[in-house]
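Using the sequences and the hints, build the whole thing.
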Amino acid sequence: MRFVKVIGILTLISLMSACTFFGGEKEEEPDIPEQQLYSEALEALDAGSYSLAVEKLQLLEARYPFGRFSEQAQLELIFAYFKNYEPEAARAAADRFIRLHPNHENIDYAYYLKGLTSFEEDRSLIARFFPIDESKRDPGAALESFESFSTLVNRYPESRYAPDALKRMQYLKNRLAQYEVHVANYYMKRGAWVAAANRGRYVVENLQETPAVPTALAIMADAYTELGMSEQADKAKQVLQTNFPDFEYTTSREREKSLLETATFGLLGGDDDEVPAPPAE
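With mature numbering (1 follows the signal peptide of the UniProt record, and there is no 0) applied, the sequence shown covers -23 to -1, 1 to 258.
None of these hints come from the bench; they were simulated from the model.
Since this is a predicted model, take the numbers as computed values, not measurements.
Possibly wrong hints are sitting among the right ones.
[Unchecked claim] With a straight-line cut-off of 30 angstroms between C-alpha atoms, the simulated DSS-like cross-links for lysine-lysine are:
(1) 150 to 214
(2) 150 to 212
(3) 212 to 166
(4) 150 to 166
(5) 214 to 166
(6) 166 to 60
(7) 150 to 60
[As the list claims (entries may be wrong)] Here are the in silico distance ranges between beta carbons for each label pair:
(8) 10 to 185: 52 to 62 angstroms
(9) 36 to 185: 45 to 55 angstroms
(10) 32 to 185: 40 to 50 angstroms
Beta carbons are placed, not taken as given, at the ideal position from N, Cα and C, and that holds for glycine.
Structure representation (structure tokens):
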């Protein structure tokens, strides 16, 4: 019995030695100085190698969570995720930065980039190259973008990013108003007059100063007429004629096409929109 135990021990030792000899043990990665790792991440960003930049910045956070460059690296990581077309990761990184550093001097940039991430996601890659009416798609990302930009503008009105955020907010209001009008037209075609009137009223009451308002009023007038609510219909027509005397009520398809052309403010262009890099430390 003792002989069998000895043989077993010798066999186990031999197997362990063999694993070591053939590289079974993983070699530890050498430590990279924080300064070097951060510099490599910046070089990757400058070169447009965003996936590599993400890798370097993640490694920097993991190895030096309380280092000299930790806060700046977190901002850079939001930017890298955004440029690498990882919207969920970018928003999560922005939320994390905002939660951890509520009083940071560059927190406005985190809000701005979070809003911009959802803004670009709402546009979608296909819509950039094909004539797709974005007002017919779910506005979830547009709502998220508007909320982030609104927070930025209200809390940090003097931010360097506020003017651009305001411009994009106006576009988003137009986008959301278009969506409501599109849904209202859908209800009109199916005889759901109450639902159509409610959608039109929502635009008039909550999304004023958008190109969709006169169309929303016209839908309200038509829907109330169908419902036999002549007083409400006449009121909607009066408001429409008083405030938009040149408005011509046309088919729903023609209205939606006209809205899309007047509401974009040139923000549905190509890929050459410049996004500011994170503020320097």
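Okay, the hints, checked on the actual structure:
1. Pair hint residue 150 plus residue 214 holds up; C-alpha atoms about 23 angstroms apart against a cutoff of 30 angstroms.
2. Restraint check: the Cα-Cα separation between residue 150 and residue 212 comes to about 25 angstroms, which is no more than 30 angstroms; the hinted pair holds.
3. A distance of roughly 22 angstroms separates the Cα atoms of residue 212 and residue 166; the hinted pair therefore holds under the 30 angstroms criterion.
4. Pair hint residue 150 plus residue 166 holds up; C-alpha atoms about 24 angstroms apart against a cutoff of 30 angstroms.
5. Taken as a hint, the residue 214 and residue 166 pair is honoured in the structure, with Cα atoms around 20 angstroms apart against an allowance of 30 angstroms.
6. For the given pair, residue 166 sits about 42 angstroms from residue 60 by alpha-carbon distance, which is inconsistent with the 30 angstroms threshold.
7. At most 30 angstroms may separate the alpha-carbon atoms for a hinted pair to count; residue 150 and residue 60 meet this at roughly 25 angstroms.
8. Under the hint 52 to 62 angstroms, the C-beta atoms of residue 10 and residue 185, about 56 angstroms apart, fit the expected range.
9. The hinted range of 45 to 55 angstroms is satisfied by residue 36 and residue 185, whose Cβ atoms lie roughly 49 angstroms apart.
10. A hinted range of 40 to 50 angstroms for the beta carbons of residue 32 and residue 185 is consistent with their spacing of about 47 angstroms.
Hint compliance for this structure: hint 6 alone is broken.
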